[in-house]
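S.K.: Letter by letter, the chains look like this.
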Amino acid sequence: EAQVTQNPRYLITVTGKKLTVTCSQNMNHEYMSWYRQDPGLGLRQIYYSMNVEVTDKGDVPEGYKVSRKEKRNFPLILESPSPNQTSLYFCASSTLRETNLNTEAFFGQGTRLTVV
Amino acid sequence: GQSLEQPSEVTAVEGAIVQINCTYQTSGFYGLSWYQQHDGGAPTFLSYNALDGLEETGRFSSFLSRSDSYGYLLLQELQMKDSASYFCAVRARPFFSGGYNKLIFGAGTRLAVHP
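One line per chain: the protein sequences are P and D, in this order. Numbers 383 to 498, taken from our numbering, label the letters of the first sequence in order. Numbers 6 to 120, taken from our numbering, label the letters of the second sequence in order.
To be clear, the hints were calculated from the coordinates, so they are not data collected in a lab. Just so you know, not all the hints are guaranteed correct.
[Stated by the list, open to error] Only some residues are given here: those of chain D computed to face chain P with a beta carbon under 10 Å:
| id | residue |
| --- | --- |
| 1 | Q7 |
| 2 | Q42 |
| 3 | G45 |
| 4 | Y53 |
| 5 | M85 |
| 6 | A89 |
| 7 | F92 |
| 8 | K107 |
| 9 | F110 |
[Unchecked claim] Here are some chain D residues the structure puts well away from chain P; computed CB gaps all over 12 Å:
| id | residue |
| --- | --- |
| 10 | G20 |
| 11 | N26 |
| 12 | F68 |
| 13 | E82 |
| 14 | Q84 |
| 15 | K86 |
| 16 | S88 |
| 17 | R96 |
| 18 | I109 |
| 19 | A112 |
Quick reminder that beta carbons are idealized off the backbone N, C-alpha and C, glycines included.
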């Protein structure tokens with residue numbers, strides 16, 4: 383079954399304690415990205431990756447890091463979480479073939495993070 | 006810069022037809038997508054328009070006008086289960102992105118369907 387798997391689904395942590403949210407996809411997609419969703423603001427892109435070892439900042443990258451050492455995995459790292467990073471996070475993946483413009487994005491089930 | 010605008014809320018009754026509009030502004034535009042998200046769930050893909058015109062998939066249709074930078078999602082024969090948030094998203098390669106294409110989401114439209 384084609385899927386994007388995020389872990390954990392829920393996380394409560396304290397300010398400053400490093401954490402990693404994992405994301406894995408089994409569709410051999412080149413493109414992966416992280417979004418945060420806050421009420422009234424929709425889905426804002428944090429970081430994205432075009433392929434292994436190729437990553438770039440999205441619209442709200444401050445306070446986050448990512449890595450893409452393998453095609454299937456794209457972890458999101460918060461080195462020193464702060465309360466303003468309390469949010470719902472989604473990982474997504476899609477193909478990137480320029481000739482296939484219908485590039486549906488598949489989303490993970492989300493990670494609800496609370497930083498106290 | 007890039008921007009997408011869609012209404013924040015729409016209310017309708019079962020069996021009715023509702024149209025959710027989306028206007029966008031971006032460089033390097035490829036196409037417009039629509040996603041549905043139920044409360045507590047992940048966004049799921051509904052449709053994609055790369056060319057002008059109407060695409061129909063069952064009760065849902067999506068329209069794009071590239072010259073007007075405008076699209077809409079049309080939901081017919083509304084059902085209670087259609088109550089959800091609907092996001093338009095542009096796939097684009099903005100000039101500042103270094104050649105990488107991106108999927109950029111609007112803030113979403115919350116649709117409430119009443120009996």
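S.K.: Are the hints correct? Go through all of them and say.
M.R.: Status of the hints after comparison with the structure:
no. : hint : verdict
1   : Q7   : holds (9 Å)
2   : Q42  : holds (9 Å)
3   : G45  : holds (8 Å)
4   : Y53  : holds (5 Å)
5   : M85  : violated (23 Å)
6   : A89  : violated (14 Å)
7   : F92  : holds (6 Å)
8   : K107 : holds (7 Å)
9   : F110 : holds (4 Å)
10  : G20  : holds (29 Å)
11  : N26  : holds (15 Å)
12  : F68  : holds (16 Å)
13  : E82  : holds (24 Å)
14  : Q84  : holds (23 Å)
15  : K86  : holds (19 Å)
16  : S88  : holds (17 Å)
17  : R96  : violated (6 Å)
18  : I109 : violated (7 Å)
19  : A112 : violated (4 Å)
In summary, the numbered hints that this structure violates are 5, 6, 17, 18, 19.
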